[in-house]
Amino acid sequence: MVLQTLKIDLTEQFPRLSHAPIAEAVIEMRAHAEVPWEESGIRGQLVPLLPGYPKIESQSEFEHEMQFGPGQDTMQRHRDLGWRGLRCESADNVHMAQFNRDGFVFSRLRPYDHWEQFHAEAIRLWKIHRDLAAPSGIQRLGLRFINRIELPVDGPPPDDYLRMPSEVLAGMPLSRVGFFHRDVLAVQGYPYIVTIVRTVQPIQVTGNKGFGLLLDIDVFSTEPFDLRDDLLTQRLVEMRWLKNKAFFGSITQQALETFQ
Amino acid sequence: MTLATLDSPQLSYGATPTRGAGPEARFIAKQSEEDRRRLREAHSIGLGAERAFEELFVVARECGKPNWDGYGAQAVQEETCWQAYRFLEALPLGIPVPTVGAEADGHLTLEWYQNPVRVLSVSISSNGMVYYAALIGSSKRSGTEPFLGEVPKDILYIIRRVFSA
Chain A
1 MVLQTLKIDL
11 TEQFPRLSHA
21 PIAEAVIEMR
31 AHAEVPWEES
41 GIRGQLVPLL
51 PGYPKIESQS
61 EFEHEMQFGP
71 GQDTMQRHRD
81 LGWRGLRCES
91 ADNVHMAQFN
101 RDGFVFSRLR
111 PYDHWEQFHA
121 EAIRLWKIHR
131 DLAAPSGIQR
141 LGLRFINRIE
151 LPVDGPPPDD
161 YLRMPSEVLA
171 GMPLSRVGFF
181 HRDVLAVQGY
191 PYIVTIVRTV
201 QPIQVTGNKG
211 FGLLLDIDVF
221 STEPFDLRDD
231 LLTQRLVEMR
241 WLKNKAFFGS
251 ITQQALETFQ
Chain B
1001 MTLATLDSPQ
1011 LSYGATPTRG
1021 AGPEARFIAK
1031 QSEEDRRRLR
1041 EAHSIGLGAE
1051 RAFEELFVVA
1061 RECGKPNWDG
1071 YGAQAVQEET
1081 CWQAYRFLEA
1091 LPLGIPVPTV
1101 GAEADGHLTL
1111 EWYQNPVRVL
1121 SVSISSNGMV
1131 YYAALIGSSK
1141 RSGTEPFLGE
1151 VPKDILYIIR
1161 RVFSA
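Chains as they are written, first to last, in the numbering used here: chain A, 1 to 260; chain B, 1001 to 1165.
Rather than coming from a laboratory, the hints here were simulated on the basis of the structure. Glycine included, each C-beta is placed from N, C-alpha and C at the ideal position. Accuracy of the hints is not assured; some may be wrong.
What the hints assert, rightly or not - Computed beta-carbon distance windows for the label pairs:
hint	chain 1	residue 1	chain 2	residue 2	range
1	A	V153	B	T1144	26 to 34 Å
2	A	G171	B	K1153	39 to 47 Å
3	B	E1111	A	P111	49 to 57 Å
Claimed, not checked - Cut-off 27 Å, straight-line C-alpha distance, at most; resulting in silico cross-link-like pairs (DSS-like, lysine-lysine):
hint	chain 1	residue 1	chain 2	residue 2
4	A	K55	B	K1153
5	B	K1153	A	K245
6	A	K7	B	K1140
7	B	K1140	B	K1153
8	A	K7	A	K55
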């Protein structure tokens, strides 16, 4: 079997979903700050530039669960690695921006509006971060969409919504009560990887949520690139196309009708 | 074709996903970490990865004070140990396990050694910069990369070359 060469077709149109199950959309630029990255200085410069983000918290880096040690019992440790950056949340709690020593992360939580709004805000804040951190390039660009499909407890099975192997064990009529399925897909001819996670989130104690069927699509670049705006735009447009293809290729017709 | 894909360095990608902030992202990260740890703990898959963590623990303990070598070496900082720990964690499952050592300047080294002319040495500093040098036959390669949660592609490529013969 020979893999067909994939061609990213930016003219392709995708259905517009008025009930898209997007729980979080993320754009992340990993790019090391190349200026001193200290809280007082960064906070002082950042706060006046972000009037729409009144909730600002310091982020420290933590490590958990150190488990090694010859001849010793398993150790659990929790350690503060120091100040990493600032996490800023919008007044309506749907936008979250992280300005960190090792890069910038922008998240849009529910309700997701539309790409143009999400993209524009991410780029606006990225430019602020870029001016503050003065990185020399972007090591990794990520575009991630996490979809959460609500499932009633006694409702239809996950494969009514997602394309997935319906029979795990040949000849064994066992019912699936949990799964965590992760694919890592290379995009031939392009510097991208697509990872897709399908899993079930148990019933949430808070928030009145039932089972959640999660479809997590993470597209990211595999090569560093320069800080040129046109390059960044091109990468994001291509990655968005990949994300859309991955989404519509992962859901069933029944799911599509539910989301429209 | 499936096997060819599995043998690709690309398989290493995705160890650290694009970082989300919401509850679903946290749930997926936790599940993923648990699954990966379970696999790594199986010797047949992790290729003894736990051994490297044990070596790191020993080196951290023995080289944590100045002059640990009796010749004025700098102490290995705790931060350097954590950088090395994260680097080991980010190695794809199935990659040969390096030996761990310390240098007089306080850096930690991870070494992949096949024979005297097929060897890679990766030096990890406290600020997350990774310096590498390799000898593969008559070919020499070296470079510097920031470590941002994923093992640099060049280093994975070289590890595979060190053990390809």
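Against the structure, the hints come out as follows:
Range check, A/V153 to B/T1144: about 54 Å between beta-carbon atoms, so the 26 to 34 Å window is missed. Range check, A/G171 to B/K1153: about 42 Å between beta-carbon atoms, so the 39 to 47 Å window is met. For the pair B/E1111 and A/P111, the supplied restraint of 49 to 57 Å holds, since their beta-carbon distance comes to about 51 Å. Between A/K55 and B/K1153, the direct Cα distance comes to roughly 37 Å. Violation of the 27 Å bound is thereby established for this hinted pair.
Under the criterion of a C-alpha separation no larger than 27 Å, the hint pairing B/K1153 with A/K245 is consistent with the structure, at around 26 Å. Distance hint between A/K7 and B/K1140 is unfulfilled; the C-alpha atoms sit about 36 Å from each other, more than 27 Å. For a cut-off of 27 Å, the pair hint linking B/K1140 to B/K1153 stands: about 17 Å separates their Cα positions. Between A/K7 and A/K55, the direct Cα distance comes to roughly 42 Å. Violation of the 27 Å bound is thereby established for this hinted pair.
In this structure, the hints that do not hold are numbers 1, 4, 6 and 8, in rising order.
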